[in-house]
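2 protein chains.
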Amino acid sequence: MRFHDLHQNAPGWQTLEDTEAFANPYAAVHLVKVKTPMRPEGARWTVIHRKAACVIAPITPEGNLLLIRQERIPVRAALWELPAGQIDDGGAPGDAEIRAAALREMREEAGCLLAPEGQLTPLGFFFSSPGILDEQTFLFAASPVVPCPDGPAHEESEAIAECRAFTPAELRERIASGEIRDANTLAVFARMTALGML
Amino acid sequence: MRFHDLHQNAPGWQTLEDTEAFANPYAAVHLVKVKTPMRPEGARWTVIHRKAACVIAPITPEGNLLLIRQERIPVRAALWELPAGQIDDGGAPGDAEIRAAALREMREEAGCLLAPEGQLTPLGFFFSSPGILDEQTFLFAASPVVPCPDGPAHEESEAIAECRAFTPAELRERIASGEIRDANTLAVFARMTALGML
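Residue numbers (the numbering used here), protein chains in the order written: chain A, 1 to 198; chain B, 1 to 198.
Calculated directly from the structure, the hints in this document are not laboratory data.
Fair warning: this is a prediction, and the values are worked out from it, not measured in the lab.
Just so you know, even glycine gets a beta-carbon here, dropped at the ideal spot from N, CA and C.
Mixed in with the good hints there might be a few duds.
One side only, chain A facing chain B, incomplete, derived with CB under 7 Å [claimed, not checked]: (1) 12; (2) 13; (3) 21; (4) 23; (5) 71; (6) 73; (7) 133; (8) 134; (9) 172; (10) 193; (11) 197.
Assemble the whole structure, with the sequences as input and the hints as a guide.
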């Protein structure tokens with residue numbers, strides 16, 4: 001897919017050149033020349049395309065957050081993180097698809113469902129590494145959640161070692177100590193704190 | 001460079017296969033098979049290598065934070081962010097190089113220096129997108145900072161539109177509203193909040 005099909009031309013932004021240098025189902029490298037509001041003559045850049053993603057904070061009736069500990073091959077470590085995943089979609093996903101993906105990841109990775117009286121609260125989105133990646137990650141809180149009768153249903157490619165509940169104070173301590181160190185969980189914590197939800 | 005030269009084999013982790021599918025000065029795509037503690041037979045993965053990076057919160061004598069507004073080609077937007085940049089190093093950078101890079105980015109992008117009596121406080125690191133990228137970003141707060149006599153010295157490839165100070169309350173509002181939406185700034189806000197620094 002071409003870079004300008006993935007990214008609409010906003011006012012002042014326009015793709016002038018685009019070469020796809022590598023692509024597989026997980027990432028595509030585009031060598032582009034893009035006209036920007038401050039660079040009307042165009043600037044050359046390396047852009048890596050990734051599907052949009054979602055991350056979700058499952059909150060128990062007691063007000064605790066469920067995190068999973070997952071092996072992450074690129075960084076060679078098992079990290080405590082909120083459930084997250086990619087959104088399968090050709091281009092810009094719609095609201096309904098984004099919400100469905102967040103609830104699916106929560107069920108598969110943390111083994112829980114939004115309670116019938118529960119609320120799925122959107123917390124906007126963030127860019128994980130906007131100097132190189134176009135990845136856009138949508139953030140949610142789900143409260144309260146209840147255990148799924150079937151338990152978690154991990155995908156074969158994932159390696160999830162544990163799932164457990166953290167009180168907001170425990171979460172804060174592990175962020176302060178540096179143990180929690182993935183952008184997804186830090187971004188949700190930042191938004192929830194700024195919104196007075198934690 | 002081979003993936004196992006970039007990432008030491010920790011106990012239980014070992015690169016079994018490694019093909020470099022694309023590389024330029026900005027990113028390298030590795031198709032790897034890695035043995036992990038939970039997957040002793042090895043798992044195939046696409047890993048994109050990026051240099052380590054740093055992000056720094058310049059804090060004025062009044063307790064405000066300096067942010068820059070910068071055009072980001074991969075996401076086609078100008079974002080308000082803390083100063084940040086890559087660390088030029090062959091492999092794992094040392095403490096002195098990481099600190100020097102953070103202070104250099106602060107000087108170049110926000111036009112300020114650590115005051116003679118100032119403190120550079122390390123806030124650990126985070127992984128921006130550990131499902132695909134190995135990028136590791138080191139976080140700092142610098143307090144207090146003073147204007148650099150020469151002003152900012154932007155690199156030619158960067159397009160920085162503005163630099164201004166935000167009170168902690170303004171920063172919180174713009175995070176809550178979703179206007180501040182890059183992982184670097186959200187990660188620093190999360191760590192500083194968890195540590196009681198904001």
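Evaluated hints:
For residue 12(A), the interface hint is violated, the least distance from its beta-carbon to any beta-carbon of chain B being 9 Å, above 7 Å. The beta carbon of residue 13(A) comes within 5 Å of a beta carbon in chain B, closer than 7 Å, and the hint placing it at the interface holds. Using the Cβ-Cβ criterion of 7 Å, the hint placing residue 21(A) at the interface with chain B is satisfied: the shortest such distance is roughly 6 Å. For residue 23(A), the suggested interface contact is broken, since its CB lies about 10 Å from the closest CB of chain B, more than 7 Å.
A least Cβ separation of about 5 Å between residue 71(A) and chain B falls short of the 7 Å threshold, and the interface hint therefore holds. For the restraint placing residue 73(A) at the interface with chain B, the shortest Cβ-Cβ distance is roughly 4 Å, inside the 7 Å limit, so the hint holds. Because the smallest distance between the Cβ of residue 133(A) and any Cβ of chain B comes to about 6 Å, under 7 Å, the interface hint for this residue holds. Nearest Cβ of chain B to the Cβ of residue 134(A): about 5 Å, under the 7 Å cut. The hint holds.
Checking residue 172(A) against chain B by beta carbon gives a least distance of about 5 Å; that is within 7 Å, so the hint holds. Against a cut-off of 7 Å between C-beta atoms, the interface hint on residue 193(A) holds, since the closest Cβ of chain B lies about 5 Å away. The interface hint given for residue 197(A) is broken, as the beta carbon of that residue sits about 10 Å from the closest beta carbon of chain B, more than 7 Å.
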